[in-house]
Each structure stands twice: as structure tokens, then as C-alpha cells.
Amino acid sequence: MVALEERYVVVTGGDRGIGRATVLRFARAGFNVVFTYRSRQDAAERTASDARAQGARSVLYYSVDVSSWESVSKFAQELSGRVPYVNVLVNNAGIIDYNDFEGLTPERWKEVLDVDLTGPFLVTKALLDLLRRASWASVVNLASIAGQTGNVLASVAYCTAKGGVIELTKRLAVELAKYGIRVNAVAPSFVETDMVADILNDPRRRREVEQMHPLGRIIKPEEVAEVIYFLADPALSLNITGQVIGINGGRYT
1 MVALEERYVV VTGGDRGIGR ATVLRFARAG FNVVFTYRSR QDAAERTASD
51 ARAQGARSVL YYSVDVSSWE SVSKFAQELS GRVPYVNVLV NNAGIIDYND
101 FEGLTPERWK EVLDVDLTGP FLVTKALLDL LRRASWASVV NLASIAGQTG
151 NVLASVAYCT AKGGVIELTK RLAVELAKYG IRVNAVAPSF VETDMVADIL
201 NDPRRRREVE QMHPLGRIIK PEEVAEVIYF LADPALSLNI TGQVIGINGG
251 RYT
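Residue 139 in UniProt numbering is what sits at position 139 of the sequence shown, and the numbering runs on without skipping anything.
No lab work stands behind these hints, which were simulated from the structure alone.
Hints should not be assumed to be uniformly reliable.
Stated by the list, open to error - Straight-line C-alpha distance at most 20 angstroms; calculated SDA-like pairs for lysine to any residue: (1) Lys220 x Leu153; (2) Lys170 x Thr160; (3) Lys110 x Gly164; (4) Lys220 x Ala235; (5) Lys74 x Arg132; (6) Lys110 x Ser71; (7) Lys220 x Ile199; (8) Lys74 x Tyr62; (9) Lys125 x Trp136; (10) Lys220 x Tyr179; (11) Lys178 x Leu128; (12) Lys125 x Ile199; (13) Lys110 x Gly150; (14) Lys125 x Ala173; (15) Lys170 x Ser71; (16) Lys74 x Phe121; (17) Lys74 x Arg38; (18) Lys178 x Asp233.
Unchecked claim - Cβ pair distances, simulated, as ranges: (19) Glu102 x Asp50: 15 to 25 angstroms; (20) Gly216 x Glu45: 28 to 38 angstroms; (21) Leu153 x Glu222: 21 to 31 angstroms; (22) Glu102 x Ser80: 29 to 39 angstroms; (23) Leu215 x Asn151: 15 to 25 angstroms; (24) Arg133 x Gly216: 41 to 51 angstroms; (25) Ser80 x Phe230: 27 to 37 angstroms; (26) Pro84 x Pro203: 45 to 55 angstroms; (27) Tyr179 x Lys74: 19 to 29 angstroms; (28) Lys74 x Leu215: 34 to 44 angstroms.
Keep in mind the model is a prediction, meaning the values are calculated, not measured.
Virtual Cβ for every residue (Gly too), placed ideally from N, Cα, C.
Using the sequences and the hints given, assemble the complete structure.
Right, dumping it as C-alpha cells:
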């Protein structure tokens, strides 16, 4: 990556799981790291401490509700006073849902879409000016295999939201190309995080999940973070935009 200027990354939901692994990956590359969290301040403080220890030039973290324009715009305003620009935005914050259609309430439907789909829209919109100020910029959205097929364990709300993230990615790649901003997404299958701990902590269900994937293993957060870093790095992926990279161990190949 560009080595002669300060580099800034923003990761939403950076206190745990894929977000935390992504924060630490960029920290090891010497970025100035900014991340958001929702309510787990203790986890955020641990991530910030680890990011500093692993090489981040600076670390800032904020409690943000990505589903709220008021919260997101306040964050963007505060951040504009602390950083000159943003090179990389990783829209990672999200929630999962396993309700079947009959058990899914309208309130839960709205909550999932507000966080998982409206969240990336709001954050990208709020930070667009900071992205435009950078000499190069990249947005990476967290989609999911659930946005590509309905044959998954997650609910129709989650599948709909992640399918929307894929289309958001494709359209933003077209619209933001005039600013030199690339927009891509990753679409993981099962990743070993606390979001799916109830499933993976059951030995029988864990084996079932492993057997869903031809490679026979469950994805680690750090593996997703590496692909995110690849998509963010113009030295590695300069002409890649509007793409959705599956990280699925061969599932549905």
C-alpha cells in the first residue's frame, strides 16, 4: 500500500468477531485505526489495546448505532475533526437472526434490515466526504452466503438484508467510481464467531456445518480479514470493484 502518507481505516462493529480481526489486520499494517462498537465497551477497550500493541499508529473508537442516522452522522462529524480523510471503510456491523418465517415478527424484520442493510448505507453516506478527501479509497461491505442462496439456516430477514448488501455494493461501485473509490464485498459462509456460537458449540451441529463445506472446515475471522485487506489494498486489487468474493470452503460451488 501507499507508504508515504498516513493511512486511515474505519471498521464498524470492530469490537468482536470479523470486525475485531479486521481491526487487528490493519493495525499490523501500520494504519491509523478507527472502529465502532454498539455497547460492549470492555470488548472495545481490549480491541483498542491489542491494536496499539500490534502496530496501529493511532486508535480511536466510538459507540455508534449504525441503524440510526442521528448516531451515524454525529460519529461522522466527530471523526471529521480528528482525521483528515478515510482510505478504507469496512461496513462490518451486523446482527443475525434464525427465526422461521412464521416466527419472524415485523419488529424483528425491521431491526435486522435496519442494522444489516440500512447500516452500511448510512455509514457510507456519512463518511463519503472523508473518503473523497483521500488520495485513494476503498469500501468493503460484509455480505454473506445467505445473500446468495436461500438454503441456509438464517432467517428470511437476514437473507434479504445480505442480498441487499450485495446489490448496494454493485451500485455504489458504479456511482463512486468517478471519485476513484472502489466498492467490494465479502460473502462468508459460517465463520467461527460468537454470533453462531450456539450452533458451533454443539458437537453434532458443528460436524453438520463442517460437512456442508467441501473443504470440511469452518472459516476463521482472521481468514475473512485477510480477504478484506486484499480488497482494500490498491497494490493488490486496484482494478477490482463491484465484486462479491465468496469465502465459503467450496459450498455451493
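Quick rundown of the hints versus the structure:
With a C-alpha separation of about 19 angstroms, the suggested pair Lys220 and Leu153 falls inside the 20 angstroms cut-off, and the hint holds. Distance restraint check for Lys170 and Thr160: the Cα-Cα separation of roughly 16 angstroms lies within the 20 angstroms cut-off, and the hinted pair is therefore satisfied. The straight-line distance between the Cα atoms of Lys110 and Gly164 is roughly 14 angstroms, inside the 20 angstroms bound, and the hint therefore holds. Among the hinted pairs, Lys220 with Ala235 is inconsistent with the structure: their alpha-carbon atoms are about 24 angstroms apart, more than 20 angstroms.
Pair hint Lys74 plus Arg132 holds up; C-alpha atoms about 19 angstroms apart against a cutoff of 20 angstroms. At roughly 18 angstroms between alpha-carbon atoms, Lys110 and Ser71 fall within 20 angstroms of each other, so this suggested pair holds. Pair hint Lys220 plus Ile199 holds up; C-alpha atoms about 15 angstroms apart against a cutoff of 20 angstroms. Between Lys74 and Tyr62 the alpha-carbon distance is near 10 angstroms, which keeps this suggested pair within the 20 angstroms criterion.
About 17 angstroms separates the Cα atoms of Lys125 and Trp136, which keeps this hinted pair within 20 angstroms; it holds. Restraint check for Lys220 and Tyr179: the C-alpha separation of about 33 angstroms exceeds 20 angstroms, so the hint is violated. A C-alpha spacing of about 13 angstroms is found between Lys178 and Leu128, which places the hinted pair at or below 20 angstroms, so the restraint holds. For the proposed pair Lys125 and Ile199, the alpha carbon gap of about 35 angstroms is over 20 angstroms, so the pair is violated.
A distance of roughly 19 angstroms separates the Cα atoms of Lys110 and Gly150; the hinted pair therefore holds under the 20 angstroms criterion. Note on Lys125 and Ala173: the hinted pairing holds, with a Cα-Cα distance of about 13 angstroms set against a maximum of 20 angstroms. Note on Lys170 and Ser71: the hinted pairing is violated, with a Cα-Cα distance of about 26 angstroms set against a maximum of 20 angstroms. At most 20 angstroms may separate the alpha-carbon atoms for a hinted pair to count; Lys74 and Phe121 meet this at roughly 15 angstroms.
A C-alpha spacing of about 14 angstroms is found between Lys74 and Arg38, which places the hinted pair at or below 20 angstroms, so the restraint holds. Between Lys178 and Asp233 the alpha-carbon distance is near 18 angstroms, which keeps this suggested pair within the 20 angstroms criterion. A hinted range of 15 to 25 angstroms is violated for the C-beta pair Glu102 and Asp50, which are about 42 angstroms apart. For the hinted restraint 28 to 38 angstroms between Gly216 and Glu45, the CB-CB distance of approximately 37 angstroms keeps it satisfied.
Checked against the hint of 21 to 31 angstroms, the C-beta distance between Leu153 and Glu222 comes to roughly 23 angstroms, which is consistent with it. Between Glu102 and Ser80, the C-beta spacing of about 45 angstroms breaks the proposed range 29 to 39 angstroms. Judged by the Cβ atoms, the range 15 to 25 angstroms given for Leu215 and Asn151 holds: they are separated by roughly 18 angstroms. Against the hinted window of 41 to 51 angstroms, the Cβ-Cβ separation of Arg133 and Gly216 comes to about 45 angstroms, which satisfies the hint.
Between Ser80 and Phe230 the CB atoms are about 28 angstroms apart, so this pair conforms to the stated range of 27 to 37 angstroms. Checked against the given bound of 45 to 55 angstroms, the beta carbons of Pro84 and Pro203, roughly 50 angstroms apart, stay inside it. Taken as a hint, the range 19 to 29 angstroms holds for the pair Tyr179 and Lys74, whose Cβ atoms sit roughly 24 angstroms apart. A hinted range of 34 to 44 angstroms for the beta carbons of Lys74 and Leu215 is consistent with their spacing of about 43 angstroms.
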